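Asker: Start from the sequences, fold in the hints, and give me the full structure.
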Amino acid sequence: KQEVTQIPAALSVPEGENLVLNCSFTDSAIYNLQWFRQDPGKGLTSLLLIQSSQREQTSGRLNASLDKSSGRSTLYIAASQPGDSATYLCAVRGGGATNKLIFGTGTLLAVQP
Amino acid sequence: KAGVTQTPRYLIKTRGQQVTLSCSPISGHRSVSWYQQTPGQGLQFLFEYFSETQRNKGNFPGRFSGRQFSNSRSEMNVSTLELGDSALYLCASSLRQDTYEQYFGPGTRLTVT
Chain A
165 KQEVTQIPAA
175 LSVPEGENLV
185 LNCSFTDSAI
195 YNLQWFRQDP
205 GKGLTSLLLI
215 QSSQREQTSG
225 RLNASLDKSS
235 GRSTLYIAAS
245 QPGDSATYLC
255 AVRGGGATNK
265 LIFGTGTLLA
275 VQP
Chain B
15 KAGVTQTPRY
25 LIKTRGQQVT
35 LSCSPISGHR
45 SVSWYQQTPG
55 QGLQFLFEYF
65 SETQRNKGNF
75 PGRFSGRQFS
85 NSRSEMNVST
95 LELGDSALYL
105 CASSLRQDTY
115 EQYFGPGTRL
125 TVT
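Going down the list, the sequences are from chains A and B.
Take any residue in the first sequence, count from 1 to its spot, add 164: that is its number in the numbering used here.
Take any residue in the second sequence, count from 1 to its spot, add 14: that is its number in the numbering used here.
Rather than coming from a laboratory, the hints here were simulated on the basis of the structure.
Some hints here could point you the wrong way.
[To be verified] Each computed BS3-like pair below joins lysine-lysine, with the alpha-carbon atoms no more than 25 Å apart: (1) A/232 to A/165; (2) A/165 to B/27; (3) B/71 to A/206; (4) B/71 to A/165.
[Claimed, not checked] Coverage of chain B stretches by chain A, computed from C-beta distances (three or more under 8 Å per stretch; other residues unrestricted): (5) 33-44; (6) 59-72; (7) 115-127.
Just so you know, these numbers come straight off a predicted model, no measurement behind them.
Note that CB positions come from ideal geometry on N, CA and C, so glycine has one too.
Answerer: Below, the structure written as structure tokens:
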């Protein structure tokens, strides 16, 4: 059974700092991994999607890497801003016909001005 | 292109009642998935519909059901509501091909009293 873990559960950093969020999964047989952002009481915003054959994806100040063999992904945020404050969730999609995402518990990020 | 829309956004129901939630996917997306988010259990997969057929189902009791219409809009129904059904219900749509990237709606906040 696939399990997804995110460390740390919460993180507080001063504005301008670079930071790394971690995601680990127990079954390496994944189709892709997606990083999301969720603001309080809101839906999920897709940040980056990495296919199982890819090693990393970049969008602006965000960079996500994937090491499928070790069951790990990282989300790197450069030059953090107060507007980056949110909960960050990673989710893996298993192989085969399923379109089911299995989510981690999230990392609550606070960027202090 | 309009995003995923969900109605209603907020709902208050009494134990024992039933409720129907609606989701309209992004135009052209034929896959709709439903997730339940609670503070204790996090995000959990309910079910996925594609071309009016349920393709996958999560570990929820039979009180949770859904359907999809020919225009890809989907409804989720919960019968005999329990206090534990209070949650944010999120709908996601995808092309279910190519990258399978999922796009989420703002959610419906259901409170059961």
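Asker: Hint by hint, which ones does this structure get wrong, listed from lowest number up?
Answerer: Of the numbered hints given earlier, those the structure breaks are 2 and 5, listed in rising order.
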